[in-house]
Structures are given as C-alpha cells and as structure tokens.
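Engineer: Residue-level listing of the chains:
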Amino acid sequence: MNYTFEFAQVFAAWDELAYGALRTLWLSAASMAIGLVVAVLGALAKNNGPRALRIAIDAYIELIRNTPFLVQIFIVFFGLPAIGIRLEADQAALLAMVINVGAYGIEIIRAGIESIHHGQIEAGRALGLKPLQIFRLVVLKPAIQAIYPSLTSQFILLMLNSSVCSAIAAAELTAAANDIQARNFRSFEVYFVVTGIYFAMSLLFWGIFAVIERAFLRQPAVR
Amino acid sequence: MRSFGPNEVFYILAAVRWTLLLSIVAFAGGSLGGVVVALMRAGSIRALRWIAFAYIKIFQGTPLLMQLVLAFFIPGIFGLDVDPWAAAAIGLSLHASAFLGEIWRGAIEVVPRGQWEASGALGLRYWAQMRLVIAPQAIRIAIPPSVGFLVQLIKATSLASIIGFVELTRAAQVINNATFQPFTIFGLVGLTYFIICWPLSAYSRRMERRLAEASARA
Numbered sequence: 001m002n003y004t005f006e007f008a009q010v011f012a013a014w015d016e017l018a019y020g021a022l023r024t025l026w027l028s029a030a031s032m033a034i035g036l037v038v039a040v041l042g043a044l045a046k047n048n049g050p051r052a053l054r055i056a057i058d059a060y061i062e063l064i065r066n067t068p069f070l071v072q073i074f075i076v077f078f079g080l081p082a083i084g085i086r087l088e089a090d091q092a093a094l095l096a097m098v099i100n101v102g103a104y105g106i107e108i109i110r111a112g113i114e115s116i117h118h119g120q121i122e123a124g125r126a127l128g129l130k131p132l133q134i135f136r137l138v139v140l141k142p143a144i145q146a147i148y149p150s151l152t153s154q155f156i157l158l159m160l161n162s163s164v165c166s167a168i169a170a171a172e173l174t175a176a177a178n179d180i181q182a183r184n185f186r187s188f189e190v191y192f193v194v195t196g197i198y199f200a201m202s203l204l205f206w207g208i209f210a211v212i213e214r215a216f217l218r219q220p221a222v223r
Numbered sequence: 001m002r003s004f005g006p007n008e009v010f011y012i013l014a015a016v017r018w019t020l021l022l023s024i025v026a027f028a029g030g031s032l033g034g035v036v037v038a039l040m041r042a043g044s045i046r047a048l049r050w051i052a053f054a055y056i057k058i059f060q061g062t063p064l065l066m067q068l069v070l071a072f073f074i075p076g077i078f079g080l081d082v083d084p085w086a087a088a089a090i091g092l093s094l095h096a097s098a099f100l101g102e103i104w105r106g107a108i109e110v111v112p113r114g115q116w117e118a119s120g121a122l123g124l125r126y127w128a129q130m131r132l133v134i135a136p137q138a139i140r141i142a143i144p145p146s147v148g149f150l151v152q153l154i155k156a157t158s159l160a161s162i163i164g165f166v167e168l169t170r171a172a173q174v175i176n177n178a179t180f181q182p183f184t185i186f187g188l189v190g191l192t193y194f195i196i197c198w199p200l201s202a203y204s205r206r207m208e209r210r211l212a213e214a215s216a217r218a
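So the sequences go chain by chain: Z and W. Note that the first sequence covers residues 1 to 223 in the UniProt record's numbering. Note that the second sequence covers residues 1 to 218 in the UniProt record's numbering.
These are calculated hints, taken from the structure and not from any lab test. Treat each hint with caution, since some may be false.
[What the hints assert, rightly or not] Some residues of chain Z that are not near chain W, with every Cβ distance over 12 Å (derived):
(1) V71
(2) M159
(3) I212
(4) R218
[As the list claims (entries may be wrong)] With beta-carbon atoms standing in for the labels, derived distance ranges:
(5) Z:I116 - W:A54: 51 to 61 Å
(6) W:T179 - Z:Q91: 24 to 34 Å
(7) Z:D179 - W:Q152: 50 to 60 Å
(8) Z:W14 - W:F10: 24 to 34 Å
(9) W:A118 - Z:W14: 50 to 60 Å
(10) Z:I212 - W:Q152: 21 to 31 Å
(11) Z:L132 - W:T179: 56 to 66 Å
(12) W:F53 - Z:L204: 10 to 20 Å
(13) Z:G207 - W:R49: 13 to 23 Å
(14) W:A128 - Z:I121: 49 to 59 Å
Predicted, not measured: the structure shown is a model, and the values here were computed from it. For each residue, glycine too, the CB sits at the ideal point set by N, CA and C.
Isolated chain Z (complex conformation):
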C-alpha cells in the first residue's frame, strides 16, 4: 500500500463542509416539519375522508414506498418542468423530501391515533379530568409515546437519505463533498470525512432523542 493520505486538503475546505452540514440539517428539519403536516392531514383524510380520497391516499403511500427516492427526485426536478413547474435544485430537493416523508409519516401518525382507545377518554372523563387535561394526558402524551421511536428513526433516515439530493446538485453536505473532490481529486479523503460527519450527526440525534425520551416520555404505567 503506497497511497499517501492527504486529509489536510479536505480540512482546508472546512467552511464548505460546515455549510454543507448545516444545509443538510436545515433540509432535513424543514422537510420533516412540512412532511409531518402532510402526514397528519393524510392520516385524518385516510381515517375519515370520502372513499375516493382514501383510495387516492393509499395510492400515494404505495407509489412512494415502492419506488426509489432517486427516481422521485428526478421526476420532481427533471419531469415537472415538462408540465410547466420549474423548480430550483434546492426547492426540488425539499419538495421531493416532503413528498417522500409524508407517505411514510401517514402510517406513523395513524398508528399513533389508533393507540388511543375511546374507553380511555371515557375513563378520563369519569375521573373528573377537564377536556384540556384529557387531551393533554390521555390523548396527546400516550400518542406521542407510541409514535416517538418510529418518528425519530424516520428523521435520522431522512437526514441520511438527503444525501441523494446531491444527484441534482442541491446544496447539502454530499454536494459539498462532490465540489471539493472535483477540485482536489482527493476522493477517498473527502468522502471518508463527510461520511464521518454524517455519522457524528446521527450519533448526536440518537443521543438527543434518547435524552428527550428519558426526560419527558418515560411513563412506566403506560400499556
């Protein structure tokens, strides 16, 4: 093995890497937030909407879950202009990620709704809880407890998946890596460091989510 590692050239571009990492975080947080709104609306419509709407939502979920994210992002970025919707790469990346996480989110939210039984609400009423207390303690908290693990792992999955957005040159961490290695040709070093940054971000969020769960969501009496 007579390969000389040149990590210095990667760290020289630390500002680009930091900016890329921030963009990745922003893209993930924004698409998660908007995606959750889509997911809640979708879950409500799937549970209570008219038949045609329910079928449309099922089709949406199945189409997204059974096609690669890369193809979805190509359709949004390259395909939509054909029907008159032209988006910047960053906008297309955000839209594709929202569409993607929305489909996975609907099933998560539905599981949360289903975890609340009507009898528990009646029991809360029988105990003399006020409506707001019932919503907070009997409906919201157990529902969040039920979906917290899948929701948080979905977020980390989404963050890692956002690297695919580099395929349309949206500004995020992997695209920053592509730019840097196109300049200095230190492909291995650049991608190795960037993979490390992604891993550090995953560890950070695993840690934060575990702390939040321990602080607010542990409730031994549940189930």
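Got chain Z; can you put chain W on it based on the hints?
Structural biologist: Chain W alone, transformed into the frame defined by chain Z:
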C-alpha cells in the same frame, strides 16, 4: 436529438436485469454476512457482540450513498481497481449484512428462553440448538421483515447509478440525455420499480398480519 421510441423503451427495460441481478447478489451477500452479524450480536461473547453492534450502527448511521461511494474508492487505496458493478455489489452486500443482521438478531431473541433451556437439557450443544430448535422458529418470524428489507434493497440499487453502474435508473438517465423526455422516462422507470416492489411489499405485509394473528391466538 433522438426521439423516444420502442428502441429506447427496450433499452431501459433491458436494464431491469441489472437491477434485479444486483439486488439478488446484494441480498445473497447480505444474507451470508447477516447470519454472521446476527449470531455475533445474539451470542454470549462480549467482544463479538460489541463488534457486531458497532458494525450495525455504522451502517445505520451513515448514508447508503456514502457507503457505495467509499466502496468504490477504498479499493483504490490498496492499488486495486474495481469497476462500478463490483463496488455496488460489495457496498450493498455490506449494507444488507448490517440490516439483515439486526432483523435476524431480533428474530433469534424473540424465541423464548425456555426453548434454549429445554434443548440444552436434552443435551444439545449450541450449533445443534440453533439449527434444530431456535432457527426454525426464528426464520418464521424473520420472513416478513426480511422481504420488507428486500424491497428497500431493490430501491437502493438505484444509487449504484451514481457511481456509474448502468442499471435501470442509469439507463433512464442515458436515454433522457439523448431524447429529453424526462417525465415519460422517469415515470416509466418509477412504474417499473413499482411493479417489482409492490407485490413483495404486499406479501410481506400479509405474512406479518398472519403471524400477528397466529401469535395473538397462541
């Protein structure tokens, strides 16, 4: 500019075999590695348990795209030249080993402890216990999530296009660059993935429901 005709459709659809072949190779490689990871993780040797845990976390905590890109560039450090096909097959196999390993560890640990104790009392050693008593029960539990992961893996092969392997998605890009009909082409490609993946998803879900009903009755 070329027009988008039957020849172009055929070129794209012919690339499906590379998507399927890569999926099969990665699933086979991932199964071999996954068995090792699962046995290490569910075993009683602390150091091996820890190594398997770290392996799983690294693959769960980094983007698959970066895993494939590194699978492409790491051999170069050792002076080896790998083509995109080998890099994708190796990268996806290692990736699948981690995820299948974690799924199968779960399946092994769901088998009640009493099964280990009873088979141990009958005088069976570890490998005989695993082969005759534990694995047959664990496999039943593991099938639905493993098929579910196979769907993930088939979709994941699309990322091999980024390191230059010409499978379904890359073939579509090639044709799109020549004909510029992105909506039709990527729509067709999406539909092709859907036709491959959806039956597997439906099967996995049905098996899961059946298993849940069976364990609710027991």
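Engineer: Is the distance from the Cβ of Z:G207 to the Cβ of W:R49 consistent with 13 to 23 Å?
Structural biologist: Once the Cβ atoms are compared, 21 Å apart, the range 13 to 23 Å for W:R49 and Z:G207 holds.
Engineer: Could you say whether the range 24 to 34 Å given as a hint is met by the Cβ separation of Z:W14 and W:F10?
Structural biologist: violated, 48 Å
Engineer: Determine whether the Cβ-Cβ distance between Z:L132 and W:T179 falls within the hinted range of 56 to 66 Å.
Structural biologist: holds, 60 Å
Engineer: Does Z:V71 really sit off the interface, with its C-beta more than 12 Å from all C-beta atoms of chain W?
Structural biologist: violated, 5 Å
Engineer: 50 to 60 Å was suggested as the range; check whether the CB atoms of Z:D179 and W:Q152 agree with it.
Structural biologist: Since the Cβ atoms of Z:D179 and W:Q152 sit about 29 Å apart, the hinted range of 50 to 60 Å is violated.
Engineer: Far enough from chain W: is every CB of that chain over 12 Å from the CB of Z:R218?
Structural biologist: Given that every Cβ of chain W is farther than 12 Å from that of Z:R218, nearest at about 22 Å, it holds.
Engineer: When you take the CB atoms of W:F53 and Z:L204, is the distance between them in 10 to 20 Å?
Structural biologist: holds, 18 Å
Engineer: Evaluate the given range 49 to 59 Å for the C-beta pair formed by W:A128 and Z:I121.
Structural biologist: holds, 53 Å
Engineer: If I claimed the Cβ atoms of Z:I116 and W:A54 lie 51 to 61 Å apart, would that claim hold in this structure?
Structural biologist: This hint is violated: roughly 38 Å between Cβ atoms.
Engineer: Was Z:M159 rightly flagged as not at the interface, with every chain W Cβ beyond 12 Å?
Structural biologist: violated, 8 Å
Engineer: If I claimed the Cβ atoms of W:A118 and Z:W14 lie 50 to 60 Å apart, would that claim hold in this structure?
Structural biologist: holds, 59 Å
Engineer: So the hint says 24 to 34 Å: do the beta-carbon atoms of W:T179 and Z:Q91 match that?
Structural biologist: The hint (24 to 34 Å, Cβ to Cβ) holds, given that W:T179 and Z:Q91 are roughly 25 Å apart.
Hints 1, 2, 5, 7 and 8 from the list above are not met by this structure, while the remaining hints are.
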